[in-house]
Amino acid sequence: MIKFLLMVNKQGQTRLSKYYEQVELGKRAALEADVVRGCLARRKEECSFVEYKDYKLVYRQYAALFIVVGITENENELSIYELVHNFVEVLDKYFSRVSELDIMFNLDKVHIILDEMILNGHIVETNKNRILAPLLALDKMAES
Amino acid sequence: MSDVVEKTLTALPGLFESQTGAAKITNRLRQLIKSITELTSKHEEENLIKRELSAIKEQVSSPNTTMKQMREIMVRAMYCEMLGYDASFTYIHAIKLAQQGGVLEKRVGYLAVSLFLNEGHELLLLLVNTVLKDLQSTNLIEVCMALTVVAQVFPKDMIPAVLPLVEDKLSHPKEIIRRKAVLALYKFYLIAPNQVQHIHAKFCKALSDKDPGVMASSLHIYLQLIRESPDSYKDLTGSFVTILKQVLGGKLPVDFNYHSVPAPWLQIQLLRILSLLGKEDQSTSELMYEVLDESLRRAEMNHNITYAILYECVKAVYTIHPKAELLEKAARCIGNFVLSPKINLKYLGLKALTYVVQHDAKLALQHQMTIIECLDHSDFTIKRETLELLFRITNAQNVTVIVEKMLDFLCYVPIKTLTFAPDNSWFIQTMNDVFSIGGDLLQQDDPNNFLRLLAEGKPEEDDQLRLYAVESYLTVLKGHTSHLPQCFLQVMSWVLGEYAHLQESVDRREVIRLLTQLLDQRSVSSETRVWILSALTKIPEGQTDLILDLAESLSSSQDTVLRQQAQELRHLSQDSQLREWVLVENSCAVDSSLSFLDGFVSEALAAGAAPYKPPHQRQEELSLNLEPYSFSLPVSLSSCSITDRQSPTLLSVSSGLSGNSAELSTLILEGVKRVWGKDGYLPQKEATAPPVDEPSAAVQPASQQEAAERIEPRPEPSTQNQDKQQLASSLFVGLGVGSSVSLVRKLFYDGFTASLRGNVMDCLEARSTSVCHYALLMDDPHTNVSLTGTVSYQTQPGHTNTLPFSGTLSTADFIRPLVVTTEEYGKLWLSLSHDVKQNLKLLTDAGDPLRTTLNALKDALQLHVVDIIGSEGIVACRLLSGAPCLLHCRVNGAALAMWLRSPHPALPDFILYHCQRALAHH
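As they're listed, the protein sequences go chains B and W. 144 is the number that the working numbering gives the last residue of the first sequence; the numbers go up by one with no jumps. 1922 is the number that the working numbering gives the last residue of the second sequence; the numbers go up by one with no jumps.
Hints are computed from structural coordinates only; laboratory data are not their basis. Treat the hints with caution; some may be incorrect.
[As the list claims (entries may be wrong)] Keeping only pairs whose Cα atoms sit at most 30 angstroms apart, straight-line, the calculated BS3-like set for lysine-lysine is: (1) Lys1034/W with Lys93/B; (2) Lys1096/W with Lys18/B; (3) Lys1042/W with Lys44/B; (4) Lys1050/W with Lys10/B; (5) Lys1050/W with Lys27/B; (6) Lys128/B with Lys1205/W; (7) Lys1251/W with Lys1210/W; (8) Lys93/B with Lys1174/W; (9) Lys1234/W with Lys1315/W; (10) Lys128/B with Lys1202/W; (11) Lys1234/W with Lys1245/W; (12) Lys1034/W with Lys1068/W; (13) Lys140/B with Lys1133/W; (14) Lys1362/W with Lys1827/W; (15) Lys1210/W with Lys140/B; (16) Lys1174/W with Lys1279/W; (17) Lys53/B with Lys1042/W; (18) Lys1156/W with Lys18/B; (19) Lys1096/W with Lys1068/W; (20) Lys1096/W with Lys27/B; (21) Lys18/B with Lys1174/W; (22) Lys1034/W with Lys18/B.
[What the hints assert, rightly or not] In silico contact screen, one side only, chain W against chain B (beta carbon under 8 angstroms); selected entries: (23) Val1075; (24) Met1078; (25) Gly1084; (26) Gln1152; (27) Lys1187; (28) Tyr1189; (29) Gly1213; (30) Ser1217; (31) Phe1256; (32) Ile1268; (33) Asn1304; (34) Ala1308; (35) Arg1332; (36) Leu1387; (37) Val1401; (38) Val1403.
Even glycine gets a Cβ: it sits at the ideal position worked out from N, Cα and C.
Looking at chain B on its own, in the form it has when it is part of the complex (with noise of 0.2 angstroms):
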């Protein structure tokens, strides 16, 4: 199971953060700080797994921004570390190669992608087409 995903750059600020169980909002900050410096210490030719508290993590880098994702011990790492890159791939096509700042200003619409990927820590839909067909609904709605 999916414990949450996070978008932080390198200097670790976060870009955006989806908790799929409750974590207190004060607690956040110390742990996204955590998770990114666990990330950035490790060497390009370790591997992309890394074990944090209860969770394990997965993280991949794009340029200078960190997916993470915080899983279970039962969760197959591999499928995971495809899955961001699948989501990177979703982003890649909805704003036609993706960049940190496109996250920054449409973070509702990169949560509105990410809820049908993601949902209850779950994985529900990977077809990039259906994923994005709700998203580019509304936009086509909001132009007319």
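Given the coordinates of chain B, work out where chain W should sit on it, guided by the hints.
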């Protein structure tokens, strides 16, 4: 990697102007984002968000705020909450937005609700009516978002109100609505399973939905249901198998593919379900053998995602009722994983192996080399996973080795993961556990590293940590202490001595009392007592009475060190001036550069002293010096002395002859027969082996060499160090001959198999003794080599005395441990050509025969035991400065099957011969 382009922040202004990507962003949100990207400190962030929050507050309470503006306000509030600042006053407005806004605003309203409110939040009740209304809307987008929010957060008690509407949606013509309805029902099942008891038939309908997306959503429910009671769903096995077959057969629309792999996450989900169904059930398992086989076969494409599927498949094969053929294929797959150079695959392979060894421990044997390699891997995660694996295969035979490895790791963990430590108390508490459990089995470095960590932190930052340590240790000491390991007691006393003063509230008398109490315990070792007394010395004065009592009681101790310390303690406590002078605050600050000696050093250098050289350098240079020396040289080298204590030959020979030395008292340098020239040994009589130049060492005339060193120390390439260390343990022939430093030696050996590689002579002036060092190397192994030689010396010109000596050396004398890692061993093993196999006697008189036997061999022959795993051990040695020989030992019934490999054709035979002898004599 994706082709994500990093638009750097420098592009930011342009972006604001151009409006691309930010076209619909209003001013305030744009301003906020801009400010966030410009933040440089936490303090700035705090100010910014506070300002933002008060601006938001003002805006939301204004009656003129439009829904469109409210939507933007919600995104700003999301930012505030994301950065960790409470924006709870906006929650109600989020609900309002979902209620009243147009489609776009509504979506953002729902999104804000799902981000801000958790399941039990009371405001959620206000959402119910909106959700009800939207579920009945004719606008599909509204229905869709209502279903989404229901599947995310919905008050448990209100489920009955929406359930009929959601159920209706299961037969909606649009697949996305059906899919969302299934997910909403799954959520209901998770939070209130009894509410959806009656609709199991509908789940079944969803499973057979013509749309793959709807079918896939229903798998979440089934996975959950089957996990809870697998027996009730056995009849569905056929359906799941058919679905998986169809997915594998490429029957899904192409857009379900991910990198040409059909619906990988769906495959994983199905494999999980199948493994639950087939577990401990032969007939059900038989239904899925075929599809699992196909799944294993399909995964030939070299992409991460196929490996993710493969991992799940291997797990399934090992979970269900076993089928030999499948097991074999799965085991081969694991091999591909663990041997992969890609670290992520290696990790997953280890994880798979960890899972399967519970069913079949033999699999670990196949990969033992990789496992051992991973155990020393620099990647912490890999190491950790390997330990997990070892833990699963622990048995009576390997338990000691594995526990040892785990303990090595144990202390490494908290220190290494300090960056993750949630708080100080957790860290200290964890370290307390490590010390009290791991205790004296820990390596000495571990407590030292921990103390260094405490000591090296900055005073302000880490005082918190130190304070916590002090507090925690006082609590520990107040409890039962006799079972605590010595190293933990030492750590505690050091910390208390150093940092107890940080804690204002701590009564110093209490600290002294607790520490003194420890001194009274019998179980406390004298080393620990010294630590405790040092701590007591550091605790600030003022408690003279207690200290004096203590010093008094210790003054009659039998331990002289303690008596000495007690005496010091007494003096210090009585003389506060002395105390201040001796115990400077922060006394642990060490001037490691010894800069205070600079003046003295430069003075000495000016006076012609040789610059300092670290001991290892001195020794290396000396033992590598193969330059024939002139007669005057020994005098110039007179201050140096080296003895290799590891060399038994040196000790035995020199002790035998040193008796003669005392009788000679005058030092005569003239008229000595010249036996050594610039080109080495000048053959005198029947010398059969010419000196061989040492390739790795610099060859310089000794006197010049010394001069050169004064100017610039020769860099010592590290690659040579190992060779040099090998050389350092060379065979020394030490000869103590009287005051006559001018020595003449002759050395002969039998055959051509050994070569003389150098010599060094030292003169111990004070004792009128000279020590000569020779390195003897054996190029071709022989069982025995006899060595004869004479020492000629002159006490007066023209008057030569000769002492003959002889000895026998065997191959065993030329064997040295070859220190390699398991990885290096593995590589070397594959590169070696000559091998010999034989069964040897196994020493079975102790609990662990393999270990005992290997230790016996190690003791007898200076072998290096690289590793022992289970019933196998790997050992390495080399001929002194020559060929390596690797030994692979396996317990084979009552015998030890030994397999030796070496580049030298004859070496394995000789080593085997000596091993046999060593074991026979044991």
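Could you grab the alpha-carbon distance between Lys1362/W and Lys1827/W and see if it respects the 30 angstroms cut-off?
-> Measuring from Cα to Cα gives roughly 23 angstroms; hence the hint holds.
Distance restraint between Lys1210/W and Lys140/B, which requires alpha-carbon spacing of 30 angstroms or less | Holds: Lys1210/W and Lys140/B sit about 28 angstroms apart, inside 30 angstroms.
Chain B contact restraint on Ala1308/W - CB to CB distance below 8 angstroms = 4 angstroms, holds
Restraint satisfaction for Arg1332/W [CB to CB of chain B, less than 8 angstroms] | 18 angstroms, violated
Holds or violated: Lys1042/W to Lys44/B, with C-alpha atoms at most 30 angstroms apart = Cα-Cα ~29 angstroms, so holds.
Take a quick look at whether Lys53/B and Lys1042/W sit within 30 angstroms of each other, Cα to Cα.
-> 25 angstroms, holds
Taking 30 angstroms as the top limit, are the C-alpha atoms of Lys93/B and Lys1174/W close enough?
-> 24 angstroms, holds
Taking 30 angstroms as the top limit, are the C-alpha atoms of Lys1251/W and Lys1210/W close enough?
-> 12 angstroms, holds
Restraint status (C-alpha distance of Lys18/B to Lys1174/W at most 30 angstroms) | OK: Lys18/B and Lys1174/W at ~28 angstroms, within 30 angstroms.
Given the hint that Lys1050/W pairs with Lys27/B, test it: the Cα-Cα distance must not exceed 30 angstroms.
-> This hinted pair holds, its Cα atoms lying about 19 angstroms apart.
Residue hint Val1075/W, partner chain B, criterion CB-CB below 8 angstroms = 5 angstroms, holds
Residue hint Lys1187/W, partner chain B, criterion CB-CB below 8 angstroms | 6 angstroms, holds
Consistency with the previously given hints fails for numbers 16, 28, 35, 36, 37, 38, ordered from lowest to highest.
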